[in-house]
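A.B. asks: Below, each chain spelled out in residue letters.
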Amino acid sequence: MYGCSTGMDPRLHLRSTLWLTGALLLVAAPHVDRLPWWIITLALMLVAWRVYLGKMRLELPRKWLLLAIVAGTVTGVYLNYRTIFGRDAGIALLMVMLALKLLETRTRRDGMLLCFLGYFLVITNFLHSQTIPTALYMLVCVWLITAGMVHLQHGHSDAGYRVPLRAAGLMLAQSAPLMLVLFLLFPRIQGPLWGLPHDAYSALSGLSETMSPGSFTNLTLSDAVAFRVEFKEQAPPPRDLYWRGPVMWDFDGYSWSAPPYQYASQLRYNAQLPGIEYSVTLEPHNNRWLLALDLPARVPPGAIPTTDFQLRSAAPVTTRVRYDMQSFLKVEFGLAESRQAMRRALRLPAGFNPRTAEFARALRKKFAGDRALMNAVLAMFRDEAYFYTLSPPQLGDHPVDDFLFRTRRGFCEHYASAFAVLMRAAGIPARIVTGYLGGELNPLGNYMIVRQSDAHAWTEVWFPDAGWIRVDPTAAVSPLRVESGIAAALPRTDPLPLLARGDYPWLRQLRLTWDSAANSWNQWVLGYNPERQRSLMTRIGIDRSTWESLALLLVIATLTVTVILFLLMARRSRAAMDPVKRAYLLFCRKLAGAGLPRAPSEGPAAYAARLAAARPDLQTAVGAITRLYIVLRYGVAPGPAAWREFEERVKHFSAATR
Amino acid sequence: MYAALKNQLYHWIFQPRGPEGGTIVLVQRRVFILPTRQGIVFALTLLLMLVGSINYGLSLGFVLTFLLAGLGITAMLHTFRNLAHMRVAPGRVQAVFAGEHARFTVRLENPGATDRYEIGLTRDRNAADFHDIPAQHQVLAGVDVPALRRGPLRPGRLTLFTRYPLGLFHAWSYLDLDVQCVVYPRPARPGALPPQVSSEGSGALHGQGQEDFSGLRQYHPGDSPRHIAWKAAARDQGLLTKQFSGRADAELWLDWQQLPATMDVEARLSQLTRWVIDAQASSVSYGLRLPGMTLPVATGEAHRERCLEALALFDVRVLDRDGSQAPSA
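If you read the sequences in order, they're chains D and Z. Here the first sequence stands for residues 43 to 700, numbered as in my numbering. Here the second sequence stands for residues 36 to 364, numbered as in my numbering.
It is worth saying that the hints were derived from the structure and are not from the lab. Computed from a prediction, not measured in an experiment: that's the story for all the values here. Glycine residues also receive a C-beta, built at the ideal position from the N, C-alpha and C atoms. Heads up, some of the hints might be wrong.
Cβ-Cβ distance ranges computed for the label pairs, FRET-style [as the list claims (entries may be wrong)]: (1) Z:63 <-> D:99: 54 to 62 Å; (2) Z:86 <-> D:386: 40 to 48 Å; (3) Z:75 <-> D:304: 53 to 61 Å; (4) D:83 <-> Z:161: 28 to 36 Å; (5) Z:63 <-> D:173: 40 to 48 Å; (6) D:601 <-> Z:161: 32 to 40 Å.
With the hints as extra help, turn the sequences into a complete structure.
C.D. replies: Printed below as a string of structure tokens:
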């Protein structure tokens with residue numbers, strides 16, 4: 043209530059400073075495990091210094107000292123990241139700059155700049171995570187920063203916390219419709235606008251273009267979703283859910299790798315059954331392959347097929363993509379392979395795995411037919427003491443020899459690799475296919491989740507009469523892996539992510555519910571791109587939406603929402619009926635109810651006099667109320683006490699005869 | 036040509052109306068709003084965030100950017116509402132001496148159902164008087180205006196403004212209140228009062244005291260109204276002045292003519308002002324004689340104010356010759 047005469051850019055209250063500091067610490071918290079320890083320590087020390095100076099009411103440090111810290115930090119960041127422009131380096135710098143800005147925050151203007159930097163820091167968190175929890179957490183942060191900004195404006199009286207929090211919450215809620223309009227209608231451009239720093243997507247995990255013993259083991263430990271699939275009709279049985287990824291031809295004795303890709307103009311195959319229709323929503327993995335059910339029969343827009351039936355996107359998949367696909371489960375392909383491809387499918391490095399080569403030669407002598415030989419190998423895996431495990435023993439210089447004849451324990455990549463090497467040594471063309479096997483159907487959203495833990499490797503062998511056929515040696519060792527998924531196939535002692543095991547039904551239910559929400563989130567919030575925008579426009583009747591039509595619609599919608607908001611708000615700020623008059627009218631109504639209405643021309647004093655004559659028992663009460671009313675309406679600056687007294691008396695007034 | 040257009044535009048937008056009396060309601064037409072410098076910085080920050088979101092394909096980046104853009108628009112509406120529909124009325128203003136600051140008070144009333152915060156009243160944009168006004172309450176705000184010279188003083192154009200709640204927008208309204216303050220002449224240095232003289236002869240024996248009634252005489256203009264025999268007047272005997280005898284409590288006449296002829300008008304007024312103050316302070320009855328005006332001998336606050344006001348407004352046309360004193364806002 044008390045005014046105070048001050049300049050236009052007042053100094054900050056300590057409370058405002060502490061508030062902003064707290065909000066910024068919350069925004070920065072998720073970055074802690076992504077940044078080098080010295081950045082965190084430095085930032086925290088600077089913040090603690092600022093709080094100390096504020097509490098002790100000491101002068102803030104001089105500019106040259108801050109500049110020295112800036113120079114030191116930039117050097118440190120450069121030494122750490124070898125650049126100062128990358129994503130992580132940028133975040134590290136931003137953190138220290140924020141702490142330094144805090145150290146020279148004196149006035150309200152500085153405080154507001156700090157808030158803007160805080161908003162900016164919020165967005166850097168989305169570079170790492172855009173999940174629902176992150177979004178909610180950041181919403182709270184935005185609320186706190188905004189409330190801090192309101193608190194700054196209360197520069198002339200200490201406002202406490204409630205008023206700013208309420209004001210900020212209200213304004214953010216009122217901004218939601220505008221946000222929705224802008225989100226849906228702002229013309230979307232497919233990024234990036236310029237080259238991204240090389241570390242933009244470094245944190246993504248997934249399949250790789252090489253396969254060596256142990257490479258799948260790491261993937262299997264990850265709960266992360268690789269992609270989600272919606273089938274148009276019934277989903278195929280689990281044993282058919284081979285999701286084709288990178289195909290590997292070249293073996294160097296230890297690891298497999300993909301050759302330079304040979305792109306095909308189209309996919310050549312002989313389909314024997316109607317295809318399966320589905321759509322895939324692929325999580326970003328920063329590589330170019332697109333996953334599809336074996337064997338893909340369609341090429342999504344913007345993708346190119348290879349001769350070995352991989353689908354490769356024109357650019358690395360750095361955002362979630364959704365594409366419609368068709369596949370054939372039973373199909374004949376690769377009957378007319380080139381001699382060059384056949385040579386490549388038979389090549390083995392010289393001098394590696396001699397025992398395996400010898401074993402293959404022995405098999406070759408024993409079995410005349412390729413199929414008989416292959417079946418013999420699979421039978422060996424099935425009948426002899428081979429084990430499927432996530433934690434196989436270390437392998438030596440000849441890994442296939444070691445695995446086949448000594449350790450006999452391995453994961454899918456061990457079996458696929460050993461099998462392909464055996465086949466090649468026996469003169470049968472073979473190659474490795476990596477991808478995923480299986481998936482979990484989520485009944486809540488009626489879609490399938492395929493996780494990194496479903497990663498798998500299998501082989502394809504070539505027969506002159508049948509072309510390439512899929513052979514999964516892991517299935518021979520562990521049929522459960524194919525039929526029931528990885529959790530059933532592995533010994534219980536093997537480490538697996540909690541979610542991959544289905545031990546707790548309620549946990550599983552919870553997880554599926556959560557994933558269903560995450561799926562909708564992905565589809566509608568994170569997956570809203572130029573294409574979706576176009577299809578939305580088509581749905582509301584704007585075919586061929588252009589940049590201009592969207593902008594026009596955006597302006598109209600924004601103005602409409604703003605005007606509605608304005609009208610709703612203005613209603614409350616106009617003069618309401620004077621509460622004094624309202625209370626007095628209530629008093630008159632009470633008397634009218636007792637048969638003593640006020641005449642239209644009668645002033646309060648005259649009315650009171652008449653009442654006093656008619657009802658002497660009410661004289662005291664009526665007199666007090668009338669006097670208070672006259673003071674409140676016509677007196678010079680009556681205090682709130684008079685108003686309270688008046689209100690109380692009117693409330694308790696009763697004209698009933700006692 | 037350009038200047039004329041600019042002038043016309045100014046008139047069209049701000050519609051200056053000249054001083055207004057009574058309560059002013061800040062209707063929407065009277066409230067103006069523009070982004071502050073921080074508001075522009077905020078917009079630039081959003082632009083940067085938008086570019087970042089496009090570049091990295093950050094959907095939540097878009098969500099945040101658009102939420103904050105919406106927040107900007109909402110903040111604009113809130114800032115506007117914080118000022119619009121307020122009722123403003125001039126308050127009392129105390130007379131001051133030249134060289135002091137006159138404090139003009141303005142009654143700010145919030146008739147709406149929402150609280151208003153951080154409403155500032157300013158004249159020169161360097162300092163402002165800030166108030167929070169709860170719903171259906173009123174407060175008194177004030178501005179200090181330096182009173183440079185004697186005479187009537189107007190506050191000029193005042194600005195009522197607010198940046199609440201986010202400081203991104205500056206909403207303001209111009210107030211040209213029809214209110215004025217009387218500025219008394221600057222008192223001269225303290226010095227001795229002029230000698231007291233008895234109006235009728237001299238000597239303490241037959242002096243005109245105020246102790247004992249000694250008779251009636253014809254009324255002369257300038258006699259104190261307190262000494263008029265009203266009862267006699269009521270009996271239709273004409274105006275008579277009561278005469279008292281007793282200790283000679285001589286009358287003090289502060290007379291323009293007593294001052295040296297070399298003094299100029301303002302210096303005389305200053306000297307008379309000083310005398311009025313000192314005479315009042317020493318509880319002496321005094322009268323004031325100015326060219327063309329005589330204030331009879333009396334005492335009391337009201338008398339002092341009358342005297343000072345007469346001095347303040349003496350020959351105001353002299354002042355008006357070199358322009359109004361109201362400082363331009």
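A.B. asks: Next, verify each hint and record whether it holds.
C.D. replies: The hints, checked one at a time:
Taking 54 to 62 Å as the suggested C-beta distance range, the pair residue 63 (chain Z) and residue 99 (chain D) does not conform, at roughly 44 Å. Distance hint for residue 86 (chain Z) and residue 386 (chain D): a CB-CB separation of about 46 Å, consistent with the stated range 40 to 48 Å. Between residue 75 (chain Z) and residue 304 (chain D) the Cβ separation comes to about 56 Å, which falls inside the hinted range of 53 to 61 Å. Range check, residue 83 (chain D) to residue 161 (chain Z): Cβ separation about 44 Å, and the 28 to 36 Å hint is violated.
Restraint check, residue 63 (chain Z) to residue 173 (chain D): a C-beta distance of roughly 44 Å satisfies the suggested window 40 to 48 Å. Here the CB-CB span from residue 601 (chain D) to residue 161 (chain Z) is close to 37 Å, well matched to the stated 32 to 40 Å.
When the structure is compared with the earlier hints, violations turn up for hints 1 and 4 and for no others.
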